[in-house]
Amino acid sequence: MIGFEARAHRRALRVCALLALAGLTACVAPPSYRDRPVAAGAPSTFVLAHAAIVEEPRHATRHLDEAKTIVYAQTQGGSLTAGLVFGALGALANMGMVDSQTGLDAARMKGKLRLEPRQLFLDAAIRQGLELADVGGPAHTGATPYLSISKSPSGRLLAAAAVQLEQGSGADRWSGLYMYQLPSTYSLDDLARPSEDLQRKLAAEAAQGFGELAAFIAREETGRKDASAKAPPEREFVFSTELLTPGAGHPMPARLIASSQELVWCRTFEGVFALRRSGMKIRTRGI
2 MIGFEARAHR RALRVCALLA LAGLTACVAP PSYRDRPVAA GAPSTFVLAH
52 AAIVEEPRHA TRHLDEAKTI VYAQTQGGSL TAGLVFGALG ALANMGMVDS
102 QTGLDAARMK GKLRLEPRQL FLDAAIRQGL ELADVGGPAH TGATPYLSIS
152 KSPSGRLLAA AAVQLEQGSG ADRWSGLYMY QLPSTYSLDD LARPSEDLQR
202 KLAAEAAQGF GELAAFIARE ETGRKDASAK APPEREFVFS TELLTPGAGH
252 PMPARLIASS QELVWCRTFE GVFALRRSGM KIRTRGI
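The numbering of the sequence shown is my numbering, which starts it at 2 and goes up by one.
It should be emphasised that the hints constitute simulated quantities derived from the structure, not laboratory data. Computed from a prediction, not measured in an experiment: that's the story for all the values here. Cβ atoms here follow ideal geometry from the backbone N, Cα and C, with glycine treated the same way. One or more hints might be untrue.
Restraint-style ranges between C-beta atoms, simulated for each label pair [to be verified]:
1. 285 <-> 113: 38 to 44 Å
2. 285 <-> 154: 22 to 28 Å
3. 220 <-> 270: 17 to 23 Å
4. 220 <-> 115: 29 to 35 Å
5. 173 <-> 199: 40 to 46 Å
6. 59 <-> 156: 17 to 23 Å
7. 104 <-> 68: 16 to 22 Å
8. 278 <-> 48: 31 to 37 Å
9. 134 <-> 189: 35 to 41 Å
10. 48 <-> 200: 24 to 30 Å
Given the sequences, and given the hints that come with them, work out the whole structure.
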C-alpha cells in the first residue's frame, strides 16, 4: 500500500505540473475569438462533413443515434473543482463517475428521438441560398450539423441546434462551433420515453434553430464581404451558462453580436452561440 500511495503521489505531482505548464502556456498564447475567414472574391462553398470532434468518442459524451448526429453530454461535475478539493486522484475519480453516469443516461435515450439534423440544416442552407457541393474540396467549408443535448447540474436536459464548421488545412486551418439554444428543456424521462407531441415539438424547434444558424451564416457571408468596414465593433462582456459551463459558475469572456429579450448572440473562443437569456448569468452591465 505504501508503494501504491507513493506512485499515486508522484502521478498527482506530474498532473499538477502539467496543469501548471498548461496555464503558463495559456498566458503566453491566449486564445482568440472565432471569426470565420470569409473570402472577398467569391461565396464560400459548404459541404456536409463528418467532423472528428463531433463523431469521435469523448469523455462524458455519447451519441444517441447510429448516425452520430444527436450528441449527449454532461456539464455537471468538473475535474477542476474536484481537483482543487480532493487533489488529482479525486479529480480522476470524479471524471470517471461523470463519464459512467453519462453512459447510463445515454443508454436510456439511445434510438428514441426521430429527427435528422443533417437534413434539417441542409434544407435551411438551401432556403438561405448558401453555396452547396456534394463532394468536399480543399477550398470548401465542411459543415457537420448535429443536435446537442446537455444535462445541467439541475438535472434538466438542454437542447441546441449545432453546426461544426471546418475550413482550410495546415497553418490556415480554421474550425468553429455555431450553436443555437432551443427554448424547451426536458427531463431524462421525457427523452427516454418521448411522446409523439414531444417528438414533433423538438423537431420543429430544431428546424427553427438550424434555420437561424443558416441565416446567420448567410448574413456573415454578405456582411463580411460587403460591409465589414462599416460593422460596429463587437462589445466584450463576461457571462456564464449551464449550457456551456459546469453549474453556470465559471465565467466566460465573449463578444456581443446581437441581443433581444430572449436571445443573446455572442462570439466566444469556441465559436458563435445564440443563448437563452433566461439561462445566462451576465456579469457585465448593459448587455
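The hints, checked one at a time:
| no. | hint | verdict |
| --- | --- | --- |
| 1 | 285 <-> 113: 38 to 44 Å | 39 Å, holds |
| 2 | 285 <-> 154: 22 to 28 Å | 23 Å, holds |
| 3 | 220 <-> 270: 17 to 23 Å | 22 Å, holds |
| 4 | 220 <-> 115: 29 to 35 Å | 31 Å, holds |
| 5 | 173 <-> 199: 40 to 46 Å | 43 Å, holds |
| 6 | 59 <-> 156: 17 to 23 Å | 21 Å, holds |
| 7 | 104 <-> 68: 16 to 22 Å | 19 Å, holds |
| 8 | 278 <-> 48: 31 to 37 Å | 34 Å, holds |
| 9 | 134 <-> 189: 35 to 41 Å | 39 Å, holds |
| 10 | 48 <-> 200: 24 to 30 Å | 29 Å, holds |
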